[in-house]
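Chemist: Below, each chain spelled out in residue letters.
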Amino acid sequence: VSGAPPRWGASTIALHWLGAALVFGQLALGLVMTNPQMDLIEKFEKYQTHKSLGFVILAVTAARLLLRRRPRPEHAGHTRVLRLIGRATHAGLYALLLALPVTGFLMASSAPAQVPTLLFGMIDIPHPLVPDKQVYEAFKAAHAICVRTLMALVALHVAAALKHLMWDRDDVFPSMLPKF
Amino acid sequence: VIKTCEAAMRVFLRILTLCAAPLLSALPVSAETVWKFDRSATKMEFIARKLSAPVGSGVFQRYDGRIDVDFDHPDKSRIKVSIDTNSVATSSSAFDSYLRSPIMLDSASQPAASFVSNAVKQTSAKTLEISGTLTMRSKSAPFSVTVTIEGDVEAARRGQHLPFTAKGAFMRSAYDIGRDVNLADDAVDLVIHGALVAQ
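Protein sequences, first through last, are from chains F and B. Sequential numbering of the first sequence, starting at 352, is according to this note's numbering. Sequential numbering of the second sequence, starting at 3, is according to this note's numbering.
Isolated chain F, as found in the complex:
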């Protein structure tokens, strides 16, 4: 419709907010499950949920990348530098949303403790690596770096969204809101 503010497609919006909810849930779960005093069985279950959600995030991110091939809304009035920062942040977020499940799964695969990966408690996902403490430690370190970088980029992304909403008052934030 002529004059209507530019918007993302409904499926892109849905997957964006689903992904956001999963990422925040996953970060919270990651903090809770690493408590060394937690009940061992509860910890086991939480790790399984964490791994299952990781696969869901991987699938959602892959779907979002496919949807990005569609035409996207153009927002006028943004400087070249801001656009560059925005693109770099988004690229970084996508890269981390792919890297985190992959490093997490490879970490679990190479763990000497050989805890199985049970997708929602039903499907035993075969581990592609043999247990190896050095490999495990390497993927563990990579996973931790990815988590910290993701938290920084999410903070930047949220700050930018709030700036558009409250400071610039432009159509960037509304373009990612569901239309009721």
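Bear in mind the hints are in silico, worked out from the structure with no lab data behind them. Think of the CB as a built atom: it goes at the ideal place given N, C-alpha and C, for glycine as much as any other residue. Hints are not guaranteed to be accurate.
[Stated by the list, open to error] Label-pair distances were calculated between CB atoms; the ranges are:
1) B/P76 x F/Q485: 46 to 54 Å
2) F/N386 x B/S175: 19 to 27 Å
3) F/Q485 x B/S126: 31 to 39 Å
4) F/A489 x B/M173: 28 to 36 Å
[To be verified] A short list of chain B residues far from chain F (calculated; beta carbon distances all over 12 Å):
5) G60
6) D66
7) P104
8) T135
9) G153
10) V155
For this one, chain F is given, so just place chain B on it according to the hints.
Modeler: Using the frame of chain F, we list chain B on its own:
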């Protein structure tokens, strides 16, 4: 005449049996009694700890035991307990499968764990120290439990249940259980809350 005599003899034997029963029960019974677990009242539990704080527990649902205990001469006692490690159960079936896996109890190829005593000492009026060998995953190591008798032994010899608690701890490393699993301490408590019945 013969039939009448046989009938009279049967009546006599019945009366004799009825009269002798209370007399026999009043006689002192043998000090050594063979006991077995009362499964309905017995729970064989293990407790994992991390930095000494309990972080997980479960039970073995299938076990058997022959417990020859002479409470007057404890050193003559002999205890043998076998556990089916496939019967391990926690609140999570997925975790149970992990406990049965080759890295943990290896229940598929080593389904039986066993304890055989080699020394029983009475340490107080109601406690026994039982030492022996615990075998899991085909590996044997010394193991001892402290048993607290919580009931009346004499009453139990005459058919009542004998409540007890047995507590011991084994080291996972001695049996190669979860060698690289650092979510729990090496020591795992084994606690049996239960009751014995005389066989």
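Chemist: Hints numbered earlier in the text: which of these fail when held up against the supplied structure?
Modeler: 3, 5, 7
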